[in-house]
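The primary structure of each chain is shown beneath.
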Amino acid sequence: MKPPPFTYSVPTTVADAVALLVEHAEEEPRVLAGGQSLVPLMNFRLAQPGHLVDLRRVTGLDTLRLDGDHLVVGAMVRQATAERSPEVALAAPLLAEALGHVAHPPVRHSGTVVGSIAHADPAAELPAVALALDAEMTVVGPQGERRIPAGEFFLGPFTTALAPEEILTEVRLPRFPGGHAFVEFARTHGNFAVVGVAALVAVEDGRVSRAAVAASGVAPTPVRLAAAEEALVGMTGDDTAVEAAVDAATAGLDPAGDVHASAATRTDIARVCLREGIGRALRRAEDRR
Amino acid sequence: MTAVERPAPPPVRTHKEDRRWVGKSIRKVEDPKFLRGRGGYVADLVRPGTLHAAVLRSPMPHARILSIETAAAEAAPGVHLVVTGAQAAELTGPLPDFGPDPTKHTWRCLAVDKVRYVGEGVAVVVADDRYLAEDALQLIEVEYDPLPPVTDPEAALRPGAALLHEALESNCAYDRQFTFGDVARDFAEADVVVRDRLRWHRSGGQPLETVGAIADFDPATEKLTVHTNSLSFTSYMFMAAGALGIPMNKFDVHQVPAGGSFGSKLFVTKPTVIAGMCSRILGRPVVYLEDRVDNMSNCDHHGSDRVYDVELAVMRDGTLRSITIDTIDDYGAYIQFGVGHHGNALAQVTGPYTIGSVQYRVRAALTNKNQQGAYRGFGSEVNNWMLEQVVDKAARELGMDAAEIRRRNFIPPEAFPYFIPSGNVYDSGDYATVLEKALELGEYDRWRAEQARLREEGRYIGIGLISAQERSVFSATEFWFWFDEPNAPVTSSPESVTLGVDATGTITATLYSCAFWGNSPETMVAQLVAEEFDCDPHSVSIIYHGLSGGLPATGPGGSRTTVMLAGAVEGASAKIKAKARRAAAHLMEVDPEDLEWAEGGFQVRGVPDQRKGLDEIAAMLHMFKHSFPEDLESGLEESKVYDHPYTTMPAPDRSDLGVFYPFMGNACHVPVVEVDVATGEVRILAYAAVHDCGTLVNPRSLAGHIVGGTAQGIGTALYEEFVYDDEGQLVTSSFLDYSIPTAMEVPELRIGHVETPSPYTPHGIKGGGEGGRMMAPAALNAAVNDALAPLGVRVTELPMTPDRLRAAIREAGAAPGRG
Ligand SMILES: Cc1cc2nc3c(=O)[nH]c(=O)nc-3n(C[C@H](O)[C@H](O)[C@H](O)COP(=O)(O)OP(=O)(O)OC[C@H]3O[C@@H](n4cnc5c(N)ncnc54)[C@H](O)[C@@H]3O)c2cc1C
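So the sequences go chain by chain: A and B.
So that you can map any letter, position 84 of the first sequence is 84 in my numbering, and since no number is skipped, the others follow by simple counting.
Each number in my numbering corresponds to the 1-based position in the second sequence with 289 added.
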C-alpha cells in the first residue's frame, strides 16, 4: 500500500499552480489539498498521478468569509475550521451540521471542504450540501476564471465539470433563510454514510415558501430531489405533507445496491432520512420566525 | 452403548485462602512501555539496510497460472530479488497443515501452477524499500487461465463443482459423523423436536499491526535469526524450520508483541518462511510485513463460516434431551488446522446443560476464499451461538421464559466433575448463580417492563439472555482425534518459566512464549511471583527468551496461558523455595523442616525474629557457595516446564473423545437492544456480562478481556463480514468496506464475576481470554429476535446487518414504522 513514484511542487500563487498543471499535463497531474482522499487512493494505486501540485502554500486559498449573501469557502479551508467557524454557523448552518458527519476529527483537521466537493464521492456529505444550497464553484484554469453552478458540477462518481488543468479555488454558498437539516445513516460512527439528506425549508405565513432537498448515496452523483421540493412548497408542513414529499422523492429513486445496502434497503433508509431531514428543517424554519 | 472407562481425574487441590496478590486489580506492568510507544513492534525493529519484501497478490479467485514474466521487475530500480511461486517451491517445503491428507491440498508460501483465492501470493519482490518493491510488483506479468470460482460452501460439495485441489477429487476435505450416547432413543422419547437452520458468515481478528517477520540469515554461521509476531513459540517453530529446510539448531526466533492477534497470529509460519527464504538467498536482513490488504485477503486467519441444520429433542417440561448437529464449514482454499475448530465446539457442545446425547456431523468445504485460521473462540463461539439460538427457539415453542428453560437444564453444582457426551470434562461450575447475578446486574425485570412500555410507543426493544461455556486450556488432541490414523499419544502442550533470584534478592522471570497478545503475560507472572514471594508485582522483572536454548513453550491459544504460566511459576517457585530452605537452614543451623516461609523469607516455625530473608539467602548462595554443603550449587535460579495438567486419550472408536479442554468457564450476557425497524439498525441500550472463569488473577485485566471480547462479538453480530461476491472477489478488503465497531458502537458494559475455582489448577484459575466473543453474538441475536418477535421475525444469520434485518422485516410484511 505505497504510492507509485510522482514528482511534487508547492506553488504560492493560483497562477503558478495552474501553470504547473499545464506543464505536467502529460503526467496526469493532480491537485493535492488535504490528501485525505487522494493519498489513500494513491496508496491503493487506484490513482497514479505523476505529479502533485500541493495547494497548501498558495496565498489566499484559506479564506473563509462572508461576501454579502454568500459564504465564500477557499480551497484550503480545512473541514475542522469550517465546522467551528462562526461565519459558517451564521451563513451556512447546513454545512456545519453536515461537517459533523464527515469522517473523524483527525481526518477533518486535514481534509478540506472544497477538496471533498472536488472529489465528488457519491456517498459524501458536502457535495449534497453544495447542491442543496445551489452553490457556485469558482474555477481557475489556463483560460482564466469561470463559475460553475453546483447543478452542473457533478457529472458522475468522482467526476466533475473541472477540466484537468483547472483548480477549484473557492465555493460560494448562498445564504438560505429558513430551516436546515443534514441527516444521514452510516453503518458505524464516522464511516461513509449509506444515505445522506440535506434539507432546507423556508416558511412564510404558515406555508412552505421554498424548499431544497438533496441526497447522497442514492445515485452516481448527489441528486436534487425536485419532486420533494415541489410537493412541499405551498403546504403547511404537517406530517401528511412531509410524507407526500418523501413519497415523491423516493418514487424517482433507483439506487444501486452494494455491500452495505441493497437497492431496496437503500430506498428504505432514504425514506427515513428524508422524513427526518425534512421534518427537522421544517421545525427549525418554524422556530426561526 | 458401552459405558466409557475413564482415567481418574487428577487429585483435587486445596487452594491457599489468604491470597495477597492473586485476585487483586493492579495496573498492568506492560502498560508503561506500550503507552510510551516503546513496545517494539515489528515495524519498530526494522533497521536501515533491511530489505523489504512485497507479495504480488492474485486478482483471480481461481485460475491456472500459465506464465509469469519477471524480467522487467528484476531490472527495476532498487530490486534485489524476485521469486515466483514455482521457484519458492524449490526453495521451501509445504507449510504446516493439520488437515487430513495434507499432500492432497498442499499449501505453500506462494501459489504454484494455480491460484485459489483473490489475494493469494504469486510472487515476492525484495527491494530497498517497500515503495520500490510495490513498483516492481506492477511490472510482473502473470498470464492466468480462469477457472470457475467456487464461493458457496454447499454448492462446493455438490457433484460437478469445480475442484480446488484436483488431487483430492472433491471439495470436501473432511466428512464425519460422531454419535455420543443414545441419540435415537432420546429423539424417540422426545415430546417435541425443534429444528433450525442457521448461517454464520466469516469475519476475523483485526490486528493493529499486521503479521510480519524480519529474517536475517548469516552466511558465515548459516544461522537464520527471525523477529516475528507469531503467537506460537518454541514448541511449534520446528514447523517453520521444516518448511525452510533449516536445521533447528541454526534457527533462532525472537518474540515481538503481537500488536493485536485475537488468534490471528497463531503459527503464522508464512511470513517467516517468505522473509527467511529471501534473506537466505540474499544474505541480508529482509522484512516481510503485511499491509492491510495483504492481511485481510491473505492472512490465513479468517474465522468460521458455517451453515447449520440442527434438531433439538425436548420434553414438554422443557428438559433438553438430545441434539443433532449437521454443519458445513467453509474453510476456504486450504485447511491448515484441520477441523480443530469443531474440536473446540465438541469441548462444550452441550453448553451448560444436561443434554444427554449428541450427534455431530461436520463437513469441511473447500472454496475460493482465504483459508480459516484462528479467531477468538476458535469455532466454539459459533457452537455457543447455535445452541443458544435453538434453545431460545425451543423456549418459544414451549411458551417458556428464556431464563426458566435454562435453569431447568443447568448441570447442578454438585454434579462436577461432569463428563459431557463428547467425553470432555467440565471441572466445576455454578451456572445458576451466574445467571441470577446477570439478571440482577442487567436489571432484567426492569427492562421487561420498559420493553412493554416502549412497545406501546411503537418502539422495538429486545432483551437477550444467554448462558454459555468458555472452555480453557486446550490439549492438542483436538487436532488429531478426528483421524483413526495416525494414533498419537496425548500431547502435553507445555509452558515454561525460569525464575532467578539475584544476589540482591530481586526476582527476574524468564518467559518463552509470545511477548504480548493482550492477555498481559507479564502482569500475570508478576502477580503470581509476588504471591509466592511476598514482593510487589511491579518489582518483578520479566524478560523473554527466544527459540535457541529456550525451554518448551506452546504459546497462547485456547485461553491456556494464565493457567499454564501459573503452573510453571508455582513449580519454579517451589524449587527455589526448596533450595532456599536448605540454604537458610544451613545458615541458621536448624533442621530445614523446622522452617516456614513467611513474609519473604524463611523463619523458624513460631519464632519470627529468627529468620533469613530471601535477599540474604540469595546473597549467600550467589557469593559464598563454599559456606554450603557440596550439592548446593551457586546461584538461585530454577525453571519449571509445566505440562497440561489434565488430558486423556480418546476412545479408539471415537465414541468418546477423552478430556481435552477441562477447565470450563461460564458466562451469562444480558444485552438490551433497540431495533429501528425502518432502517434495520440495532442500537445497544444496555449490556450486562457476568463471567465465571474460576479464581480471578487480575479483575482489572480480565475486565479488559471481557470488554474487548464483547466488542468483537458485537462486530461479529452486527458489523463484520468478509464478503466474497459470486465471482469470488473479496469486496471487503479494507476498513472502508469491512465495517468494524468503534468505541462509539460499543456500550459501557456492566461486568460481574462469579468465582468457582477449578479443583485441578494452581489457585483454581481457569482461562478467560476469549470470553466476550464467545457470548456476545448469541446474546445479541437473542436480543434482536426478542425485539422483532412482535413482527414475527426471527433472524438466523449473522452478522445482523441493516440490510439483512430490513430484508427480513420486509418479507414479514411489517410496516415501515419510524416517524
Ligand atoms: C478515515 C476516513 C474517513 C472518511 N470519511 C468521510 C466521510 O464520512 N464523508 C466524506 O465526505 N468524506 C470522508 N472522508 C474523505 C475526506 O472528507 C476527504 O478529506 C475529502 O473527501 C477530500 O478532501 P481533501 O482536502 O482531503 O482532498 P484531497 O484528498 O487532497 O483531494 C481529493 C481529490 O480532489 C482533488 N482536489 C482537491 N482540491 C481540489 C481543488 N481545490 N481543485 C481541484 N481539485 C481538487 C484532488 O486532486 C483529488 O483528486 C474520509 C477520509 C478518511 C481518511
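Just to be clear, a hint being listed does not mean it is correct.
[What the hints assert, rightly or not] A short, non-exhaustive set of chain A residues, derived as facing chain B with CB atoms under 10 Å: (1) K2; (2) P5; (3) Y8; (4) S9; (5) T12; (6) A15; (7) F44; (8) R175; (9) F185; (10) A256; (11) V259; (12) A264.
[What the hints assert, rightly or not] Which bits of chain B does chain A cover? Going by a derived footprint, with three or more residues having C-beta under 8 Å, they are: (13) 678 to 686; (14) 866 to 879.
[Unchecked claim] Cβ-Cβ distance ranges computed for the label pairs, FRET-style: (15) A:V107 with B:E1037: 40 to 46 Å; (16) A:H189 with B:R696: 35 to 41 Å; (17) A:A263 with B:R488: 41 to 47 Å; (18) B:D480 with A:A244: 52 to 58 Å.
Because the hints were derived from the structure by calculation, they are not lab data.
The C-beta atom is built at its ideal place from N, Cα and C for all residues, glycine as well.
Results of checking the hints against the structure:
1. K2: holds, 4 Å
2. P5: holds, 7 Å
3. Y8: Check failed: Cβ of A:Y8 comes no nearer than 14 Å to chain B, outside 10 Å.
4. S9: Hint on A:S9: violated, closest Cβ of chain B at ~20 Å, above 10 Å.
5. T12: Hint violated; A:T12 Cβ to chain B Cβ min 28 Å, cut 10 Å.
6. A15: Since chain B brings no Cβ nearer than about 32 Å to A:A15, farther than 10 Å, the hint is violated.
7. F44: holds, 8 Å
8. R175: Nearest chain B Cβ about 29 Å off; hint violated.
9. F185: holds, 6 Å
10. A256: violated, 13 Å
11. V259: Hint holds; A:V259 Cβ to chain B Cβ min 5 Å, cut 10 Å.
12. A264: Where the cut-off is 10 Å and the nearest Cβ of chain B is about 7 Å from A:A264, the hint holds.
13. 678 to 686: violated (count 0)
14. 866 to 879: violated (count 0)
15. A:V107 with B:E1037: 40 to 46 Å: With Cβ atoms ~26 Å apart, the hint is violated.
16. A:H189 with B:R696: 35 to 41 Å: holds, 38 Å
17. A:A263 with B:R488: 41 to 47 Å: violated, 22 Å
18. B:D480 with A:A244: 52 to 58 Å: Distance hint for B:D480, A:A244 holds at roughly 54 Å.
In the structure shown, a violation is registered for the earlier hints numbered 3, 4, 5, 6, 8, 10, 13, 14, 15, 17, in ascending order.
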